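Please model the complete structure; the sequences and the hints are all you need to start from.
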Amino acid sequence: MVGARPRSLFPIILVSLASTAWSQGFDGPARALAQKISAALKAREAVVFSFNIAAVVGQSDASAAREAISRELPSAGIVSNPQAAISLAVTLSQNLRDWVWVGEIRHGDIREVVMEHWPKLEETGGSASLVIEKRRMIEQETRILDFAPLGRNLMVLDAESVSTYENSGGAWQRKLTVRVPVSHPLPRDLRGRLFVQGDVYQAYLPGLTCNGNASNGLGISCRDEALWPLGSNARGISIPTRNFFEHFVLPDGLEKRMAPFFSSAGFSDHGHTAWLFAGTDGRTHLYNAAFEPGASWTGWGSDVAAVETECGSRTMLLATGSGDGTMADSVQAYEWAESAPKPTGDPVPFPGPITALWSGTERGTAVAISQDLKSGRYAAFRLAIPCSR
Amino acid sequence: MRRFAWRFLAAASLIALAPQTAAESRPRYGGTLVVELHDALTLTDPGEWPLRLVPLVYDRLVSLDASGGPQPALAASWQHDASNKHWEFHLRPHIAFHDGTPITAGAVAACLKDWINVTPAGDALVFQLDTPAPDLPVRLAGTRGAILMRGADGTTIGTGPFRIVEWQPGKRALLAAYEAYWSGRPFTDYVEVHMGRAYRDQEIDLELGKADLIEIPIGDVRRTAQQAIRTWTSSPSGLLSLLFERGHGPADDAHLREAVALSIDRAAIHNVLLQGQGESTGAILPDWLSGYAFLFPSARDLDRARQIASAVPKTGSRISLAYDPADPVARPIAERIALNAREAGVSIQAIPGAHGSVDLVRIPLHSLDPAQALADVGARLGPESLVTAATPESLFAAERKLLEDFRLVPLFYLPEIYGVSSRIKNWNPHPWGDSRLENVWLEARTP
Chain A
1 MVGARPRSLF PIILVSLAST AWSQGFDGPA RALAQKISAA LKAREAVVFS FNIAAVVGQS
61 DASAAREAIS RELPSAGIVS NPQAAISLAV TLSQNLRDWV WVGEIRHGDI REVVMEHWPK
121 LEETGGSASL VIEKRRMIEQ ETRILDFAPL GRNLMVLDAE SVSTYENSGG AWQRKLTVRV
181 PVSHPLPRDL RGRLFVQGDV YQAYLPGLTC NGNASNGLGI SCRDEALWPL GSNARGISIP
241 TRNFFEHFVL PDGLEKRMAP FFSSAGFSDH GHTAWLFAGT DGRTHLYNAA FEPGASWTGW
301 GSDVAAVETE CGSRTMLLAT GSGDGTMADS VQAYEWAESA PKPTGDPVPF PGPITALWSG
361 TERGTAVAIS QDLKSGRYAA FRLAIPCSR
Chain B
1 MRRFAWRFLA AASLIALAPQ TAAESRPRYG GTLVVELHDA LTLTDPGEWP LRLVPLVYDR
61 LVSLDASGGP QPALAASWQH DASNKHWEFH LRPHIAFHDG TPITAGAVAA CLKDWINVTP
121 AGDALVFQLD TPAPDLPVRL AGTRGAILMR GADGTTIGTG PFRIVEWQPG KRALLAAYEA
181 YWSGRPFTDY VEVHMGRAYR DQEIDLELGK ADLIEIPIGD VRRTAQQAIR TWTSSPSGLL
241 SLLFERGHGP ADDAHLREAV ALSIDRAAIH NVLLQGQGES TGAILPDWLS GYAFLFPSAR
301 DLDRARQIAS AVPKTGSRIS LAYDPADPVA RPIAERIALN AREAGVSIQA IPGAHGSVDL
361 VRIPLHSLDP AQALADVGAR LGPESLVTAA TPESLFAAER KLLEDFRLVP LFYLPEIYGV
421 SSRIKNWNPH PWGDSRLENV WLEARTP
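Protein sequence lines, in the order shown, are assigned to chains A and B.
Residue numbering for the first sequence follows our numbering, starting at 1 and increasing by one per position.
Residue numbering for the second sequence follows our numbering, starting at 1 and increasing by one per position.
Bear in mind the hints are in silico, worked out from the structure with no lab data behind them.
One or more of the hints may lead you astray.
To be verified - Okay, the calculated bits of chain B under chain A, using three or more residues with CB under 8 angstroms as the criterion:
id	region
1	110 to 121
2	301 to 310
3	391 to 398
Stated by the list, open to error - So, partial list: chain B residues that the calculated Cβ filter (under 8 angstroms) puts toward chain A:
id	residue
4	Trp182
5	Tyr292
6	Leu295
7	Leu368
Computed from a prediction, not measured in an experiment: that's the story for all the values here.
Cβ coordinates follow ideal geometry from the N, Cα and C atoms, glycine included.
This is the structure in structure tokens:
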């Protein structure tokens, strides 16, 4: 298992990204604390209840915490009575990393303390430790689909060709280009992927798989095959004339027919791989390791990607924002925490709509392609999540 | 002619502004940063170094971010089993000790084996623990997790961003930037550490530009504020407490110790002698680390103290309270505690020195893992306590047990306060005091 804290993957969760703020998750721990308090009391034993806050929280969180514990105590069978001989003081506290519910039960000189703790969720932006480094690599008129490092050089897949670029004085200069022999019309919203290993490369277009060799004048050969690598050892079957996938092939080779999806991201949650799918229905869908559907939500864009950072084996999830092709977009990073995505850092702005967002072939990186709203040109960006920040 | 003059003036303004702008915007390499310390460091025992300095020379498998979350350091990644008892840490490739010796899993295991059960396996380190340790990465980020190699004479060779190039015991250490450091060479060329410097001398050196980072005793905070010295205050991270020695006559009576504990007017000491710095506490762990310190009462209860003290058989012998004479606030605090105890009917005399019937001690925080921090304090009370608690509830129980006989009486959690020279740029230490001097750069000295 990877990560520091035990997490259950699929409790019932309601994810509402459109809400103004992420809840700090008081409800579940409040319920657990109430059950502990209930277990410490005799049946039907009434208490004088008091609520305290020993944490630095905003007014809304304070209210949410009070409401959560006030709701959960009666649900656990705990009766409040100002005349009771037993006092119950519930305090919301915090330490460096966690929120802590503290329940202190006093009956004369007898004192019992129960606690519940859970990780804090950081606010978006502010002093978030994670920063996405965005570096513009190349820019051109033709729609860029993907790029990958080729040793010290760069290989680029665009709507027409595969090209190599060399760095000359800080600028990328195109050196070799080979046209992709396309056997069928490609969709208007063209997407593609490029993988490089040594001098050998594979290019994927909808319904088309190509192999080539950079040491052989970029010699390329293609065949009609629609199986794309989608990261985390999973693959998707592309629709040759569309911009989405309908089949998903799990790492063990099991093929699943899916509701159409634009993109997917596999990520590790406590040693198990879970999956996110950006569906053509405008919702992001969560599937667990057994490939059972879980929560779904709106508010994310059509492209999601998983980035394996070097920061403690964490996986960051990147997602584009919502909006159409006339608007500038952004990429937001999320960390998977307590069975829910937690926004981390500020959204990274782009000069126009994002036409591609892929996990990079370099660890800790992603590829983003954006069409500049002013110039109409396509720019390829390398996104990196450095550990030093 | 007039147009030319205006253009010239504009250009001249830009030229005048250019060096200043450049110096402020981008990190500058070079220079020597001078740190002054009151205490002396030893080359053989970095475990006793202040938490803020250890990472400069001795890297750990794991470091902590500003939120206390573990981040890869010498270990690039790690994983554990479902029980949190079996952990594997994978070393970053191509890393070396400061003398060029490759850092291998065997070398790291040899460094840590006296503290924790670890064995090398290829490039990985396997920790097999008897009890679940969900916070093992945080524990490894503490002072005891420092990775070093010992020479035949017991001196240490480190792994951090700075390497020791000169060491004058008790006086001076010169640390040079480690060019091959895995996360990049520090910006400054050297960190020069002057040890055994009196607090007043440190302040003068800062004012004269001879020092860049000094210690400010709590009693001087208001005065330095009036002098407009740039200061930085850490989270409360050092526990000032009473530690009753064993076998010291009347102080061996737990009821008497309880009476002393209840008699202490922490609020008055905090407001007057500590000038409001730090926080009063009845707990071992600070609240920012445990989240439950408020459960340990720290308020004075003089009536109860008198009641308990009156029931203690009178022996006629006085209890001696030893304090560190070099600590400017120790003497007045010890004397105030003695006064408080006398009000409860317990006779205590404050004396300078290291050991009395009871000692006023400052216990530094060496780990941000609460269980490890508690175990460190427990070790002061005798054989190292087995504090393996993983939840706040079990930690609370362990802490309550450590305090139940009143041999240790927590008083205050105190911050560290530094004076920082204006030429230090990118000063961004972690709240608990890790100075992160590898990220600091120095403004060029003006001739």
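Evaluated hints:
Residue count for the region 110 to 121 of chain B with a Cβ under 8 angstroms from a Cβ of chain A: 0. That is fewer than the three needed, and the coverage hint is violated. Figure legend: the region 301 to 310 of chain B, annotated as covered by chain A; annotation inconsistent (0 residues with Cβ-Cβ distances under 8 angstroms, at least 3 required). A count of 4 residues in the region 391 to 398 of chain B with a Cβ less than 8 angstroms from any Cβ of chain A is obtained; the coverage claim is therefore met, three being the minimum. A cut of 8 angstroms between beta carbons decides the hint on Trp182/B: the least distance to chain A is about 10 angstroms, and the hint is violated.
Satisfaction of the interface hint for Tyr292/B is found here, the shortest Cβ-Cβ separation to chain A being roughly 6 angstroms, below the 8 angstroms cut-off. With a least beta-carbon distance of about 6 angstroms to chain A, the hint placing Leu295/B at the interface is held under the 8 angstroms criterion. Satisfaction of the interface hint for Leu368/B is found here, the shortest Cβ-Cβ separation to chain A being roughly 7 angstroms, below the 8 angstroms cut-off.
Of the numbered hints listed earlier, those contradicted by the structure are 1, 2 and 4.
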